[in-house]
Amino acid sequence: MQLWEVFALFGGGLLAGGVNAIAGGGSLITFPLLVAMGLPGVAANVTNALSVAPGYISSAVASRPDLVGQKSRILSVIPTIIAGTLCGSALLLLTPRSAFEFVVPFLLLAAASLMAFQKQLKALAGGPKEGAPSGGNPYLVQLVFFVCGLYGGYFNAAMGVLAIAGLSLVLDESLRRITALRNVFAAIVGTTTVLVYSIFGPVDWLTVAILAPATVIGGFAGARLARKLPSEVLRWTIVVFAGVVAVVLFFT
Numbered sequence: 029m030q031l032w033e034v035f036a037l038f039g040g041g042l043l044a045g046g047v048n049a050i051a052g053g054g055s056l057i058t059f060p061l062l063v064a065m066g067l068p069g070v071a072a073n074v075t076n077a078l079s080v081a082p083g084y085i086s087s088a089v090a091s092r093p094d095l096v097g098q099k100s101r102i103l104s105v106i107p108t109i110i111a112g113t114l115c116g117s118a119l120l121l122l123t124p125r126s127a128f129e130f131v132v133p134f135l136l137l138a139a140a141s142l143m144a145f146q147k148q149l150k151a152l153a154g155g156p157k158e159g160a161p162s163g164g165n166p167y168l169v170q171l172v173f174f175v176c177g178l179y180g181g182y183f184n185a186a187m188g189v190l191a192i193a194g195l196s197l198v199l200d201e202s203l204r205r206i207t208a209l210r211n212v213f214a215a216i217v218g219t220t221t222v223l224v225y226s227i228f229g230p231v232d233w234l235t236v237a238i239l240a241p242a243t244v245i246g247g248f249a250g251a252r253l254a255r256k257l258p259s260e261v262l263r264w265t266i267v268v269f270a271g272v273v274a275v276v277l278f279f280t
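Position in the sequence shown (from 1) plus 28 gives the number in my numbering.
Simulated from the structure, these hints should not be mistaken for lab results. Every residue gets a Cβ at the ideal spot worked out from N, C-alpha and C, and that includes glycine. Careful, some of the hints might be misleading.
[What the hints assert, rightly or not] Taking CB as the label site, the calculated pair distances span:
#, residue 1, residue 2, range
1, P93, F130, 26 to 34 Å
2, G66, Y167, 41 to 49 Å
3, F228, F134, 24 to 32 Å
Modelling step: build the complete structure from the supplied sequences, incorporating the hints.
The following block contains the structure:
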């Protein structure tokens, strides 16, 4: 590996870690970078998943102030997240990628639309209203976490956008608290995929050794920044980023 490639990977990891913490979708920075550097698709996806996982954990740690009062909720969804992630990981390793790659841009556009029109959709769906108990329908919460875990185990990229979009519909919480919960979700998905892909996946460990520390630094800094952004700014940052990524994927 040449020196410029090391710097490119480290810089991409910093940016991806920060984007993951703020809006989700940082893997859409590192995944194309790995492909451009010559890794095959599945190897790039697996290596990317392992590389960004430490950044998810650092983002969750930095989000602790916004996780106060959510301990029981987190404990209740951990098995669901793990189950969804294991199913998604199995799909990645055992089936062709072509069909899911076709669907990914549509999923991102759906996530962006959910975020953009979440208030109207809440009203139409009879979702949690302002001032209502923040716990939400437990079955819907579990379903959101399972589906997002399934997606994260398979493709990983922009799973945080999907998680925030889904949770915003079923929970009456501030976007900062939902973002913090998303960071915990991503950390659980990341830890699960590390265990699965380390054993069964075609991992490029040298690349992981360069990317992973960068995503930790970027993830911690990004989570701190996310806590300072106004809710509407944070929401539309997520919407715009998801839309841009979807458009890029349509033409790649």
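Notebook entry, point to check: Using the C-beta atoms of G66 and Y167, is the stated range 41 to 49 Å upheld?
Noted result: About 45 Å separates the Cβ atoms of G66 and Y167, which means 41 to 49 Å holds.
Checklist line | Outcome for the supplied range 24 to 32 Å, where the beta carbon pair is F228 and F134 | finding: Given about 28 Å between the Cβ atoms, the range holds.
Note to self: Between the beta carbons of P93 and F130, is the distance compatible with 26 to 34 Å?
What the structure shows: Between P93 and F130, where Cβ atoms are some 40 Å apart, the hint is violated.
Of the numbered hints given earlier, the model fails hint 1 alone.
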